[in-house]
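Novice: Fit chain B with the ligands to the given chain A structure using the hints.
Protein chains in written order, with this note's numbering: chain A, 2 to 262; chain B, 148 to 463.
Among these hints, one or two may not hold up.
Which stretches of chain B does chain A cover? Using the computed rule of at least three CB atoms under 8 Å from a CB of chain A, they are [unchecked claim]:
1. 328–337
2. 346–359
3. 422–436
Short, incomplete list of chain B residues facing chain A, as computed with Cβ under 10 Å [to be verified]:
4. VAL164
5. ALA168
6. ALA340
7. LEU341
FYI, nobody ran anything at the bench for these hints, they're computed from the structure.
Just so we're clear, the structure is a prediction, and the values are computed from it rather than from any experiment.
Virtual Cβ for every residue (Gly too), placed ideally from N, Cα, C.
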Amino acid sequence: MTAVPLTDAPPMVRARNVRKRFGHLEVLKGIDLDVAVGEVVVVLGPSGSGKSTFLRCINHLETIDGGSIHVDGELIGFRAQEGRVRHLRKREITRQRREIGMVFQQFNLFPHLTVLQNVLEAPTGVRREPRGPARERALELLAKVGLEEKSASYPRQLSGGQQQRVAIARALAMRPKLMLFDEPTSALDPELVGEVLATMKGLAEEGLTMVVVTHEIGFAREVADRVVFMDAGVVVESGSPASVLDDPSNPRTQAFLSRVL
Amino acid sequence: MAVTEKTSRDAVPEVDVAGAARTRHPLRWVASFILLVLAAQLVHLLVTNDNFEWDVVGRYFNAQIIGRGIVTTLELTVIAMAVGVVGGVLLAVGRLSENRLLRTSCGVYVWFFRGIPVLVQLVFWYNLSALLPRVSFGVPFGPEFVSGGTNHLITPLFAAILGLGLNEAAYMAEIIRGGLLAVDPGQTEAAQALGMSDARTFRRIVMPQAMRFIVPPTGSQVINMLKATSLVSVIALADLLYTVQSIYNRTFQTIPLLIVACLWYLLITSVLYVGQSFIERHYARGATRNAPQGFWDFLLMRRRAQLPPTTPEVPS
Ligand SMILES: Nc1ncnc2c1ncn2[C@@H]1O[C@H](COP(=O)(O)OP(=O)(O)O)[C@@H](O)[C@H]1O
Ligand SMILES: [Mg+2]
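Only chain B is shown next, with the shape it has when bound in the complex:
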């Protein structure tokens, strides 16, 4: 080789890095050891401390009354989230509209509902009858079609849906608006140049691309909503938390029943997390050169470079 024939000053020794020894990380070993000890202590505590009353946890974990609480919690999460998403889309479109009055109104809504703690809003809706004893539907300032006492209309469930849903709409509006703004305006122009209507452009071109930016924060919102539903126990709605509270108020098995609630909340959020991963994968189509292929790859954030590099070819 040319190199070895040169003078020794220029000579580069032959090296093969294939068998290189790994760098040692003694601190990592220490840290791992400490974590293992802590984990062992935790397990020891869980097993030996009788106050956990695991038999009680086991007994209540799939009790029917807990099941009803879970159903209420899930119902509330789904309905309030649906109100939030629909309201959020309308508010986001309103805030991006060319109509100044509409833009401002939607901005004021977001400002108002984001500015007041949701717990306060819940209590407020629950006590609406103190402000408006009667509600009616009809022509504004004109004849009434339906009317009734507010107390009959605003049941605890309805107050909860209003409180959580209207608040959620304000947050979803900001998330959706951010997603819509993240889509290249060139996309709308291209769609318009093809003669697509505004509605079709929104539905087929802008929204699917905005979803990539909307889904991840919305996933957090759903999980937040699931947990926020526990606030409704203050207005005596029998959700998961209210149910376990009402049981341990009688039996004084506070810790095991709270553990039952924790386990169920964790279980449900885990299922939601997996669901979110599926949805994200769906809207990642075409977003990068190497769109995620397998579900588990996606879940573990591993991206395989499977697609062959494109070769530009010249037309004849």
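Extracted from the complex, chain A is given alone in its bound form:
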């Protein structure tokens, strides 16, 4: 919960009029969102409102159809030069993704690799970090998420909460500037949700910039700097947790909150 800087430094995420359609279905209808460096933004909204799609556009797992997304000042997925816009090559997209960590609802750990190998795969294979130091840092990250002693286990030998914490460590191993969380606790048994949220809260306190899609209102209230409410592909409301959660001005936000609270 770092203070949001009041300077006019460039935001970590700058989304302008982002549009995305699947066939005839218009899923994102012009999303505007700024996320400042060190800010934690929680995105709320009913199922199907386009939250996952928006998150996946930020690291170009989905290609946007219009508008623009900048991360740390760099246009994602495209190059604008002398008034002309082109698609980036795969290599360049791959390079951009290295700076953005993502945590999925279904964890998506690599089941054929041990916990330690999961965390090491990207730093050694993609960033070409030397093995020794990378391994040390991977063990540090596992210690940080409370799973140092599980480093030799395979993911399927862990509980859901443990798997999700490994997934967080795996994303952190690339030293991302920005972390995206897509309903990280929705696939977990209720008693395992707390351990994952505690880990995420720790990261927020260290000043990591995070965009979190979640239905955990308690987490939003406690950790978020800002809460954004999405519905039917647009941002309906945005503001401090207190203002959006306790005193929503939009009727759709009110209806949603009355259902989940």
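Specialist: Using the frame of chain A, we list chain B with the ligands on its own:
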């Protein structure tokens, strides 16, 4: 105890099932008896029927000429299978590609080669010179670099490799494609989100997981290939079957020589089976909570629950 203090209507008698008598299965005894009698008859036949000529079997079993046939059979199996696997990977990736032309071409290949009996394909390649008397390598419609008579290029061995390998590629393509499709798409997404390239994602993440689905049917394919190589005897390639045929055509010891061939085919497939078990065990890593531990456990399909149940702990 509370139960015994209640009225007799509710009383449950104390029972200990530890010494329970086994259920009897008289039909199983009958079936076992019949099988034993049949087995005894078989042994009796094998020992007493002189037509088996076991001394001849023994004489030829490790004869040098048979050894050369086996080497040819194994060579052909390995090379044709290698062609099949490499071609199969390329075709499978092609069929899953975003390029429509590539997808269709690979589909047509699979349709064509799976649709024609492999024996016909072998004979066809062997007689290729009747269709194309000369072959050449060079720029399409442009200058030739190398050229020569098809009959010199398409030796029986080459015809066999082409016939068996190109056919195998079509089957392997389907097996590999099935394996790739069985891997959760979330795996590719996770790899992409980490900034891995497509090639690296394929090599490190998707392929190792697909191998679990690819290895067992590929094992059957190798065994099928070993046996299918015997078809090449029709194009006069001296494999194991052709060798024993050429011997018994001279000596008329048909049955013992066929038995020699059978024994060698069985021996080789047994070795292949053991090899496949090792490979399967390798790719089973992490696939289940209780990944197989010992090799023999694995071979006998016994799975031990050795790993302690995981205890979720809450971070401080
Ligand atoms: N790859 C896709 N193809 C077609 N429709 C999709 C695809 N991904 C998402 N959608 C549709 O887009 C809408 C928004 O989905 P999503 O972003 O997952 O919503 P949320 O995460 O808010 O629940 C849904 O109607 C969903 O069915
Ligand atoms: Mg979603």
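Novice: Now, for every hint given, state plainly whether the structure supports it.
Specialist: Here's how the hints hold up against the structure:
no. : hint    : in the structure
1   : 328–337 : holds (count 5)
2   : 346–359 : holds (count 5)
3   : 422–436 : holds (count 6)
4   : VAL164  : violated (34 Å)
5   : ALA168  : violated (41 Å)
6   : ALA340  : holds (4 Å)
7   : LEU341  : holds (4 Å)
Of the hints listed earlier, those the structure fails to meet are numbers 4, 5, in rising order.
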